[in-house]
Amino acid sequence: MKKLIALCLMAFTTSALADYVFVVPQKPGAGTSQWAAIIAEQLEPFLGEKIHIKHIPGARDIPGFNEFHNSLRVSDKIVMVSHGGNGVSFLQENVDYDYNDYDSIGLMNLNIIAGKAIGADMTHPIFAAGSGMVPEAFAMALLICGNKSTSIDYYIACFGEHVTWVNGMSGGERRLAFKRGELNGTRENPAAYKKHVEPNDKAEIWFHHGILQADGSHADDPNYPGFQLEILFEELWDAPPSGEFYDAYKLVKSFRDGMQKALWVNKGNQNTFALRNALHQMSLDPDAVAAIEAKVGKYEWKIGDEGNAHRDTLMSFITEDALRNLIRFNTEALGLASIFKDHLVIEVEVPTQLEGTDLRG
Amino acid sequence: MIIALLLGTLYGLIIGLIPAAGATTGLVVLFGFMSYFSDPYLGVIFCMAVVAASTTGDTYSGILLGIPGANSAAATMVDGHPLAKQGKATYALTAAITTSTVNGLLWGTLTFALLPWYTKLMMVFGVPEMWAFVMLALACVGFVSNKFWIRSLMAILIGLFLGSIGTNPVTNADRWTFGWEYLGAGIQIMPMVAGLFAFPEILDGWRKQDRTAIAHNTKGQTLDGIKAAWKYRWDSIRGGAIGAFIGFLPGLGGAMGDWMAYGSAVAANPKEEFGKGNIRGVIGSEGANNSQKATSMIPTVLFGIPGASFAAVLMALFMTLGFELGTPDLAYDTRFFDSLTFGFMWATVLVGILCIVFNRYISKISSWPYKYYFPILVVFITWACAQYTGGWEDYAILILCSALGVFCKAYKYSRPALLMAFILAIKVETLTLQLSALYTIDTLMTRPIFIILIITIIAMAALSIRKNKLEYA
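Chains A and B, in that order, are what the protein sequence lines are. The opening residue of the first sequence carries number 8 in the numbering used here; numbering runs sequentially from there. The opening residue of the second sequence carries number 595 in the numbering used here; numbering runs sequentially from there.
These are computed hints drawn from the structure, not numbers from a lab. A couple of the hints might just be wrong.
A short, non-exhaustive set of chain B residues, derived as facing chain A with CB atoms under 8 Å [to be verified]:
no., residue
1, Glu775
2, Gly778
3, Gln1028
4, Thr1050
Once the Cα atoms are required to be at most 25 Å apart in a straight line, the calculated DSS-like pairs of lysine-lysine come out as [to be verified]:
no., chain 1, residue 1, chain 2, residue 2
5, B, Lys821, B, Lys958
6, B, Lys714, A, Lys201
7, B, Lys813, A, Lys209
8, B, Lys825, B, Lys813
Even for Gly, the Cβ is constructed at its ideal location relative to N, Cα and C.
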């Protein structure tokens, strides 16, 4: 009954149920809303049908995705637009949605770049806090604290000793505080990094997280070669990063960056093929690609089954230890109210194509 | 170019006239229409005209109906609406719009002509100065509280509590949401403004089956309004400067500038009575109105960091037109800057002239019995408040906020104080967290602007407690 009412409401609020609806979990104007609008505009001619954007904003962009999961996804015309923050929330918060229940239409796999003030002492970073900054917290703890111990307790203590974690900063406040020198480190996606950090003559690259590969490893970013965390760690500490803390880092960074922007439909959706095909055609069209890249930057697309395989690779990172350590670091070092969701560990099955491979990169 | 300007001005004016809607609402609606601009620079002119016109237009419902057009116009209403009740609506409107237009032009010129110069100035204001400005605004709450000081204190506490509902900035978990997921993102500003101010006034008018003002002669009021704007020019300039400065500081804009400007007008005129129809209260707060819209463009254009909520939406609209604010390339696009300036400045002039010419006719609405326009008002306000999710939750929050507004009005709990505390709550909390993480007492003592602001806060707080005479609730 609830599903029926929700569908009736959707039909009422959008002009025609026959058209496609992109559900965005944000207000108009926010980052993913802008991305969805641009993709919808470019995709429409290849799909041959209108696409409406339905905004369902809410705290930490969770309610919109929950609504898609709980009621909207039964419609073959409804597509969910998600972002990296949804991936992090999936790991550590009470959410209803579950990526295992959907098919990927396509997703953008990207990298996040951290910048620092030139000459700053990065053994004592001053960094804006927030759940979106968790992978950076792990990365800086690895770089600063090294491999004297691989235990989670060691990193929690070391992080508290070295890092000034500044709570309550919005993205805009963070950017200004970094420009003013109140923060000595910051992080951005590649497009925003080019806009906010590269033109700043007092800033330089600190590290990046690398780009997730099909085999589960992370590759160096050709735009910022030599600054991948794993490379810097090895240079500093004479051995590649490993151990339980590093596994938790890989888990959280992959869920945020590996699905930075993604389109999902319910499993068994009748229009999956048409949507994937349209996205594929769009990705081959130079004009469409140029229009998208001009507005949102150049990112790698994973379309159709490739997107599903990418999702499965991410799911394979969820081990009980990695998840527990992520939650412990979040709560004890960062003060976040994260929860351990044991059902995530139980649900995950290693996909056949990944069996026997070393998923730890 | 002219057509884009005219259409933007008219659309902005209509949005401004709708109670509880403002520039942000007006801009959000435009997302589906941006692709119709064949030349993106025309889109820039159109959007800037919407911003300028809606800001001027939202004065009407505040003064005529006692319902703020947007949260920022609520300060104008405190003295503007009593003037309308006395049959001086045209006088109040003309004084407000003249002040708003002059300050818009003055600060618009200073903003757009000297845009690159502000980069260095902005670097001087760090977390301590931002924190001190927010605390200064909080000290100004005393000026908008009423003479029932215990009830005003209660109103402030309720406002702070309601403003802190949502996500805890430290733990990132829901706080005081009572298990209602919708509240995780906090109570939205539009239903709060509409609930506190709009529905109590509408219900009151409906219940009394009355009109706002007795039939009155509007002759001469237009000229008197212009004269008042000149006579009290220092209130206007001071309000404009406060608004401009608040607009310049990212994230602070909106209602804070207007209320601070209103508070400063009260503080600067200790022998006068406010809240019962003092034109200086109208002029003081209206000075801040357009000036802060102009200066909000500084951080938005230079750094791609929105100066206020409307600027965040504007930034996204410009992005759909192909202009990415805050990028170095844009600094060399003179046509873009010309379009920004043209749209804002000419729309300010145009809407100013239109409003002043037609004020005496528009203000006749205050002589009409409520029953003639009550249903239209309800429809428009409800529409504006349901722009967040469009779901039943938006309506439920509007009903709850309206119940709070009716209660506050009936029992003399200061609604302006409650609204201002609500708006400031999260800023006070997050900036205090930032300040305590980044600074110590010793490092704060090396910042002269911060020290001056702290001294001002203490003086303002003391003065606001002593000067607490408003009857408006």
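message = B/Lys714 and A/Lys201 were given as a pair; does the straight-line alpha-carbon distance stay at or below 25 Å?
response = holds (21 Å)
ask   = Does the structure keep B/Lys825 and B/Lys813 at a Cα separation of 25 Å or less?
value = Holds, at roughly 20 Å.
inquiry  = Would the hint linking B/Lys821 and B/Lys958 be met if the CA-CA limit is 25 Å?
reply    = holds (21 Å)
ask   = With 8 Å as the cut and Cβ atoms as the points, is B/Gly778 at the interface with chain A?
value = holds (3 Å)
task = Take the C-alpha atoms of B/Lys813 and A/Lys209, compute the straight-line distance between them, and say whether it is at most 25 Å.
result = Not OK: B/Lys813 and A/Lys209 at ~62 Å, beyond 25 Å, violated.
query = Does the interface hint hold: is B/Glu775 within less than 8 Å of chain A, judged Cβ to Cβ?
reply = The hint holds - B/Glu775 has a Cβ within 8 Å of chain A, the shortest such distance being about 5 Å.
query = Does B/Thr1050 meet its interface restraint, that is, does its C-beta lie within less than 8 Å of any C-beta in chain A?
reply = Status violated, d = 22 Å.
query = Was the hint right that B/Gln1028 lines chain A, CB cutoff 8 Å?
reply = holds (6 Å)
Going through the hint list in order, the structure does not satisfy hints 4, 7.
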